[in-house]
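Construct the entire structure; sequences and hints are all you get.
There are 4 protein chains.
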Amino acid sequence: MNTPRITILSGTNRAGSATRALAGHVAGLYRAAGADATLLDLATLGPEWFTPTAYAGRNDTTRPEARAVLDADGLVVLTPEYNGSFPGALKLFLDMLPFPAALAGRPAAFIGLAAGTWGGLRAVEQLQSIFGYRNALLFPGRIFINGTNENLANGVPASDHASRLEKQTADFIAYVARFASNR
Amino acid sequence: MNTPRITILSGTNRAGSATRALAGHVAGLYRAAGADATLLDLATLGPEWFTPTAYAGRNDTTRPEARAVLDADGLVVLTPEYNGSFPGALKLFLDMLPFPAALAGRPAAFIGLAAGTWGGLRAVEQLQSIFGYRNALLFPGRIFINGTNENLANGVPASDHASRLEKQTADFIAYVARFASNR
Amino acid sequence: MNTPRITILSGTNRAGSATRALAGHVAGLYRAAGADATLLDLATLGPEWFTPTAYAGRNDTTRPEARAVLDADGLVVLTPEYNGSFPGALKLFLDMLPFPAALAGRPAAFIGLAAGTWGGLRAVEQLQSIFGYRNALLFPGRIFINGTNENLANGVPASDHASRLEKQTADFIAYVARFASNR
Amino acid sequence: MNTPRITILSGTNRAGSATRALAGHVAGLYRAAGADATLLDLATLGPEWFTPTAYAGRNDTTRPEARAVLDADGLVVLTPEYNGSFPGALKLFLDMLPFPAALAGRPAAFIGLAAGTWGGLRAVEQLQSIFGYRNALLFPGRIFINGTNENLANGVPASDHASRLEKQTADFIAYVARFASNR
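Residue numbers (the working numbering), protein chains in the order written: chain A, 121 to 303; chain B, 121 to 303; chain C, 121 to 303; chain D, 121 to 303.
It is worth saying that the hints were derived from the structure and are not from the lab.
When chains are identical, the list treats them as one kind, so a pair holds in a single copy or across two.
Simulated crosslink set (SDA-like; lysine to any residue; CA at most 25 Å straight-line):
| id | residue 1 | residue 2 |
| --- | --- | --- |
| 1 | Lys287 | Phe219 |
| 2 | Lys287 | Trp238 |
| 3 | Lys287 | Arg125 |
| 4 | Lys287 | Phe299 |
| 5 | Lys287 | Asp156 |
| 6 | Lys287 | Ala221 |
| 7 | Lys287 | Ala300 |
| 8 | Lys287 | His145 |
| 9 | Lys287 | Thr123 |
| 10 | Lys287 | Ala273 |
| 11 | Lys287 | Val276 |
| 12 | Lys287 | Pro220 |
Only a predicted model underlies this, so the values are computations on that prediction, with no experimental measurement involved.
Set out below in structure tokens:
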């Protein structure tokens, strides 16, 4: 396999999110591991993504944000937990992607983070249910970062989380390679 | 209990949705049953709901859409199924409501609809998981309308669905009444 | 409403479980609050519950364990987390109860417990999904006890958990009372 | 990769189940496709699997039923839907398998079946949630057979289901091969 193209999806559009900070850190891990990493930050989506007529453009594959998904050999999705689930903005983005090309057969890894105890468990599991429904290839090694106020400083995780993120990076690159001939 | 105030939430912002058409029908059922019904159509939400800074205004209780939820004795949530789940726009709306007042202790009934076989089952169950997490009072009698192209004409459901909707209306009003002294 | 009859279901058949110990404590709370509490311990189920032909007897309402459910004004279900879900033994028991009488319209509260971080969150949520599917009335105030090795000593919970259990007891009795005329 | 060893798990212990009949058909498909297929029928589990002390023997790897899982390059799990979920007997069996060896890193495919409309969707998704939690490798192509009274005759599926089962068989064998060097 050639250099794997990995898109890191920062799964909220909230200004100044810890998710966005961590996504930058994760993109750095993938680059350090030899991948071609693209950071896709939902906070950059314009108002045209949230209009009653936006659905008609769902299959437009020329939008850069859609391309960042369609061109990826693997997706790393970072999600905070809002109301016991993923952010609506993240699902809205998924709803606006070409079907079925966006997710079907595409490897996907997940990272949840939350200020509370559960570290985004519910958000990640509901997302995996959606990705599985759309026939994505679910990488099993999930990461949950709880207590983000203590465990994340400017996107840099505390040491045990840091080593788990490094392991996920290496393992997900290997997982993506297994499916390289598939796409 | 006085006249119950029921807010009917049309759970997508997609233009011309079957969900919006059915929501109008459901609002009529509640009015016919003596309730004070308000129809809340997510297609009317402006771009200010989808900005990185919108989260800071989450607890603004003066917005009419927030009031439609906060003033309701019961919510009836209609949801289509997008990508095996509820629309992102619906969750975004929930993410922008005052916490915990929006959902805690509030009775909620659910109607799913989909063009396919499953009638929104997954969308409704994931929503119920969120409402349950936020301590809403989940009305057990759910309705799923599958094959909407055949079973819904301009928001008017086929006969067996129609009678189930009427039963849900009556039963949910009774359910809301049980909690009237609670709020 | 007369004295509410509450059945406390200890949701595993494992010998010497923390769940069984806590169930005894919870039964005591309900008695102290004036309820008529019955403790149903799945560890007492005999081998006749796990045979290929047991399903044929599902609607036998004379079995004491079935009666403990059918006669309850409310169920309090305690579940540990095995493999990220409820014990198979608990679901087997539910599969052997009369349908739909066992769960439909019956108030149910949930307590999860686990040695790990998540306190049975997944186990409880999957159970609630089943109870909701069967039209039970889901009491919103759930309790999760994590780190049971530290937080439970012989079934006696640490102080913050203890006060939450007392609150759940009082609130669930009030919830059951709201539906008393329903059954 | 050598001949893949595939274990077909008939996920209920109910006597005379459609699941068992279909499992026999599926085992035949895998044999026809060149796999070494083992059929594991939960109806053959003896009463020793359902005792309060059985949990202590969970890590006994000498039991033939445990070996059928541990030696498999891939698992095909067939599940009916009982009470909107998988059978308790199936989960009990999983609870009695060695941890983490039984599921971690093991490819798994799923087939749901039900007499009703939903074809085991809920049962399969809850199982996938458990297998995912235990780090199994979830094969994305799921099969749901609804209306089993019409669509299954003695385990032989109607034609459209039959061709989907054949496709799942071929695709799952290819999926298992991708991970062959992993185990």
